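Colleague: If you read the protein sequences in the order shown, they are chains A and B. Mind the numbering: the first sequence is residues 26 to 273 in our numbering, read in order. Mind the numbering: the second sequence is residues 26 to 273 in our numbering, read in order.
If you are wondering where the hints come from, they were derived from the structure by calculation, not from laboratory data. Model, not experiment: these values are computed from the prediction. Every residue, glycine too, gets a C-beta built ideally from N, C-alpha and C. No false leads were slipped in.
Capping the alpha-carbon separation at 20 Å, the derived lysine to any residue pairs in SDA-like fashion look like this:
#1 Lys251/A with Thr62/B
#2 Lys76/A with Thr93/A
#3 Lys76/B with Glu94/B
#4 Lys250/B with Pro119/A
#5 Lys237/B with Pro119/A
#6 Lys251/A with Asp116/B
#7 Lys250/B with Asn64/A
#8 Lys260/B with Leu262/A
#9 Lys222/A with Pro212/A
#10 Lys222/A with Val202/A
#11 Lys251/B with Gly120/A
#12 Lys251/B with Gln114/A
#13 Lys76/B with Arg208/A
#14 Lys199/A with Asp75/B
#15 Lys251/B with Asn64/A
#16 Lys260/A with Glu122/A
#17 Lys76/B with Asn88/B
#18 Lys199/A with Glu223/A
#19 Lys206/A with Met78/B
The calculated label-pair distances, taken between Cβ atoms and stated as ranges, are:
#20 Arg266/B with Pro197/A: 25 to 33 Å
#21 Glu221/B with Glu221/A: 51 to 59 Å
#22 Glu263/A with Thr54/B: 34 to 42 Å
#23 Asp216/B with Pro197/A: 47 to 55 Å
#24 Gly47/A with Asn235/B: 38 to 46 Å
2 protein chains.
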Amino acid sequence: MNSTYFTRRTIRKYEARDLDEGLLERILTAGIRASTTGNMQVYSIIVTRDKEMKKRLAPVHFNQPMVTEAPVVLTFCADFNRFNKWCRQRDAHPGYENFLSFMTAAIDAVIVAQTVCCAAEEEGLGICYLGTATYNAGQITDVLELPEGVVPVATVTMGWPAEVPEQPDRLPLKAVVHREKYRDFTPQMIDDLYREKEARADSQQFISENNKQTLAQVFTDVRYKKTDNEYFSEKFLEVIRKQGFLPL
Amino acid sequence: MNSTYFTRRTIRKYEARDLDEGLLERILTAGIRASTTGNMQVYSIIVTRDKEMKKRLAPVHFNQPMVTEAPVVLTFCADFNRFNKWCRQRDAHPGYENFLSFMTAAIDAVIVAQTVCCAAEEEGLGICYLGTATYNAGQITDVLELPEGVVPVATVTMGWPAEVPEQPDRLPLKAVVHREKYRDFTPQMIDDLYREKEARADSQQFISENNKQTLAQVFTDVRYKKTDNEYFSEKFLEVIRKQGFLPL
Chain A
26 MNSTYFTRRT IRKYEARDLD EGLLERILTA GIRASTTGNM QVYSIIVTRD KEMKKRLAPV
86 HFNQPMVTEA PVVLTFCADF NRFNKWCRQR DAHPGYENFL SFMTAAIDAV IVAQTVCCAA
146 EEEGLGICYL GTATYNAGQI TDVLELPEGV VPVATVTMGW PAEVPEQPDR LPLKAVVHRE
206 KYRDFTPQMI DDLYREKEAR ADSQQFISEN NKQTLAQVFT DVRYKKTDNE YFSEKFLEVI
266 RKQGFLPL
Chain B
26 MNSTYFTRRT IRKYEARDLD EGLLERILTA GIRASTTGNM QVYSIIVTRD KEMKKRLAPV
86 HFNQPMVTEA PVVLTFCADF NRFNKWCRQR DAHPGYENFL SFMTAAIDAV IVAQTVCCAA
146 EEEGLGICYL GTATYNAGQI TDVLELPEGV VPVATVTMGW PAEVPEQPDR LPLKAVVHRE
206 KYRDFTPQMI DDLYREKEAR ADSQQFISEN NKQTLAQVFT DVRYKKTDNE YFSEKFLEVI
266 RKQGFLPL
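Only chain A is shown next, with the shape it has when bound in the complex (with noise of 0.2 Å):
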């Protein structure tokens, strides 16, 4: 396989030139050639370019600069829309106003997310993939124009590179993989799986930056905290039920 898997690093700084248009049909192309539940296709992707409408989607991605300024702003939604206009108007009955046809339709988009995050990659390219999608969907579907039956899922920040940051590090192989049964962690195993994690200058930094005794009180007390969860798993519920996917 290409050495692009091992040697990427997430990238926030882009290049001034533009993506070529040529290219970008041709990542989108790859995208959509990936697997699909049932070939429904239940996905849609938005391409934003415009400086106005980059400006519109900053706020609701927490002013990140990267919307701003990379060249394309990529938006992956779970549809059912399209789907289900197709279907009434061809004397069927669609039943996907439900949690599962969500899954599905979320699945698939995140499925053609990231192959054209690889295939973009491949062509020297740098992505960033933006969590607020799910955190502000809600204002995300406003700025769009999404209708019933639409949900961002995740927004990708495409362009040519501007850096060429440190490859961030990863956990040992065997903390994400089990073999045919899951083996759950002793505290040992947690020890070890974490130590040089732990050790790493960066870590320390990070730790003392946000006046912390240990690096995962960074996560739970600064970066992902209960209270912002919470808050954030009502609105995207709300907006899941607005659009459709769950009984009112």
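Given chain A, work out where chain B should sit, using these hints.
Modeller: Below, chain B alone, put in the same frame as chain A:
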């Protein structure tokens, strides 16, 4: 980019020969370099190679023959278990028992799954996603002994292709790509976008085999029925709840 993106097809029949452990490890290593929220790696991969375990998984996947015939079955899970254990062991209080955290982990899991699939296909391997992973997540949880905090979201069979099926059709790119804003579909647009698909010989055969009037009815009345979707929605939500991601 490599041509696999454009020539790929889902593979359901595999050669009897095994998948080399070194190659599998390389593919999984490619997978875990993919983007992950905050570098938390809140996912896990269960590798099934054992014949007995495949037999136990088979009924869960509606006895689709790929499960017992493929040398490798991979179950990708949303997984906060390891992360939560690490937090608790480091005087940090995890706040991930909510729907947003489930979605974060599920998206992470699918990003890894699709990276693994792209890498495998580039090596000449064939893959097939099984939608049954979400339908029967509860049974998978039992068979693979998944602890609280872990929910299966995607199952992939993998092996050396023993077939070259016809490449399935896809809708034109403009059916799934929207520029700047969602451009909703008029009846005329739906007709245009689905014309080629509906005219295909295999679509016509599909309709007559199922005694239906339209292709859309094959989906709504036979393949992805409302009653099934609603039944499996309840089941899947129950698993998410039981595994600790929704308030009781």
